Amino acid sequence: MADLAGDKPFLQFTNVKKTYDHKNLVVKDFNLDVAKGEFITLLGPSGSGKTTCLMMLAGFEDLTSGEILINGRSVTSIAPYQRNIGMVFQQYALFPHMTLRENLAYPLKIRKQPKDVINAKVDEYLSLVELLDFGNRFPGQLSGGQRQRVALARALIFAPDIVLMDEPLGALDKKLREQMQFEIKRLHEQLGFTVIYVTHDQTEALTMSDRIAVFESGIVQQCAAPHVLYERPANLFVADFIGESNKLKGVIEAVNEDTVDVRLEAGGLISALKANCTEVGLPTTVSIRPEKLSFTERLGNTGNQVMARFVTRHYVGEYIRYHFMTADGTELVVKNMNDSSAPQLSAKEEVALAWLPQDSQALDRPVVTTP
Amino acid sequence: MSTLTRTEASQASSARNKKRLTAFLFVVPLLIFILLSFVAPIASMLWRSVHHPTVATLIPLTLSELQRWDGKTVPDQQTLNVFAQELHSLAKVRESGKLAEEINRASAGMSSVVKSTARKISRLDSQQLAQQGGEILLKSHRKWSRPDIWFAIQRAGKPYTYDYYLTALDLELDQEHGIQVREDTQIYLQLYSKTLSMALVITIFCALLGYPLAYYLARLPENRANLLLVLVLLPFWTSLLVRTTAWIALLQTNGVINSFLLGIGVISQPFEMLYTSFATVVAMTHILLPFMILPLYSVMRGIDPSYLRAALSLGARPIPAFARIYFPMTLPGLSAGALLVFIISVGYYITPALVGGTDGQMISNIIAFHMQRSNNWELAAALGSLLLALILLLYWLYDRFVGASNIKLG
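Respectively, the protein sequence lines represent chains A and B. Quick note on numbering: the first sequence equals residues 1 to 371 in my numbering. Quick note on numbering: the second sequence equals residues 372 to 781 in my numbering.
Note that these hints are calculated values from the structure, not bench results. Nothing here was measured: the structure is a model prediction, and the numbers come from that model. Treat the hints loosely; a few may be bogus.
Footprint (simulated), chain A over chain B, 3 or more residues, beta carbon under 8 Å [stated by the list, open to error]:
1. 672–678
2. 682–690
3. 696–703
Glycine included, C-beta positions come from ideal geometry on N, C-alpha and C.
Full structure from sequences and hints, please.
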């Protein structure tokens, strides 16, 4: 999506670096191309540099080196108040001494729009976030979800080129969060603005984004569409950070065109998709999503198999989590739908677990130095 | 809905009462202390400003005789005789000076008249005075034949009086015209307005100096801000007298500033800075600055930087964003600081007394003067009560237009 044929990317980060203390880089060589109208999420644990990227784009932090271009123009030459970037903050940042209407009218007033235009727009955006009756209230009189909707409307009302959202739903409870995710998505589809969204919540990232950039210690580990990120993680960190992974240790024995053969430490030779570990003899981690792992009677003899001992099961509701332990002590989790196929297992029963080669990947394995 | 049974309700209420009693007992020592050391003295001062029975106890018989007096001519012979007798007995117990002072307050210049008359009368015996006291009195000084003197004595004899308030407001009660502006001396109103305007100037200076500093501190990382806050608080740990004296050393004619300016040749004559209202304003601004900085700082600390960022991202330039978004959010701190500085400086005493000279005196200095020198505690009490009323009025106005709930001290 980003590199539409021939088109210059709308927003471009090139070799962006940032340091606060002149010693450590918080952002190390960040590159990202964003197309107009795209919904990009920067996902990562806290302190991974994602918010810093957002702040540099908004103009609240300087770049140490590199460039950020909007429509081919470097942002460093544009003052923050001239960048035409809307911003939604985690703590809403609604001006407490102004009513909702005044809050929404503020960016329009600055742009010296005529009064009737302002009024019409404020009405339009208040009804867009379904708060038309609350216009004369102060932010302090609203609930968290309502405040965030106002903040969203305020960030959109002046038709910015880009909307930045810095963990906008972080202060809300789970139910409201889901509702707001839906709301943001709806507005995005309706109005077609470009979004750079920062979050550490992977579900949020997966459900909302066109593409997700996964940050870890200042480096983008992978930037891809949600399904790619989930099903073809580029490395172990991404596999681990996005969703849940079963990790089987092994060593690469043979390299084929799309797959590699891995000798597992738990015993057995299996085949997995080729990823970032492609040399014979390298230690590797084979990652399999818990829902792709299943009991042999369902897959028959096709695919890979590993023997494991049943440990316990957790009843979650719509599915059941089975915990197993392989011979080398690796924990495996199987998610099975809570239907007639859910097996009854007795303690320490040894079963064969199976999965399809295309559902597993041979990823890097950090060599642990034993002290 | 189930309701509480009677026993449950009574148990709950007795438990609550017990808790209240315990809580109350905790504050009893403080309450007693405050009552004795704060409420009682203030109440007695307020009371003193309207209750003044000295003359009534000194010459009770004369005053009851004066009730028959028509107020237009000299009181009748019998009244004068009684007064002469009472003056005689006062002179015997050496209390005529007290009476002289009291009458002098009501009518200036009467002190010597009363004293000399008392001296004369004390040599005579009371039998003679009972017969001819009036004549002797009138003969001893011609002022005794003026009705306004007797009017003044009559007024001074009233145990409850609002005269001191009239004096404090530069008014007087004239026998014929009622309440009117005092002609001879107009000092107190002028002093009140000077006090208020100086307090206002000090408050403005404190705000102008304190606001940028508080803003700077609020944007520093916590540990560095705390270090610098210690420096802000440092003056609090130094004696007020030392700080004020330091200003004397700086400002005096041969002081540091003048020597320096003379030394570098900017001026040829030393400035007269000490003992002016300038000195009072400078020294008090310095002393009261922390009262402005601390509430401002604590309010500014609480303001999330994202507000200003939001304003910028919405397209506001830095200065309008500051004026429209940040500044209104600091108003609770600013108003708390301003109120503190203003109220403290309105009643400030030591600094103006030391560096203010005659020019930089404030109302508190004149109150102290009446307490210590002129011994007119009643007038001092009246002046103090008016000051208190003024501050309460200002606070009420503030609450009315700004809202006291907006104050934030920390």
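The hints, checked one at a time:
1. 672–678: This one holds; 3 residues, not fewer than the three required, reach chain A with a Cβ under 8 Å.
2. 682–690: Coverage by chain A holds here, the residue count being 8 at a Cβ distance below 8 Å.
3. 696–703: holds (count 3)
Comparing the model with each earlier hint shows no violations; every hint is respected.
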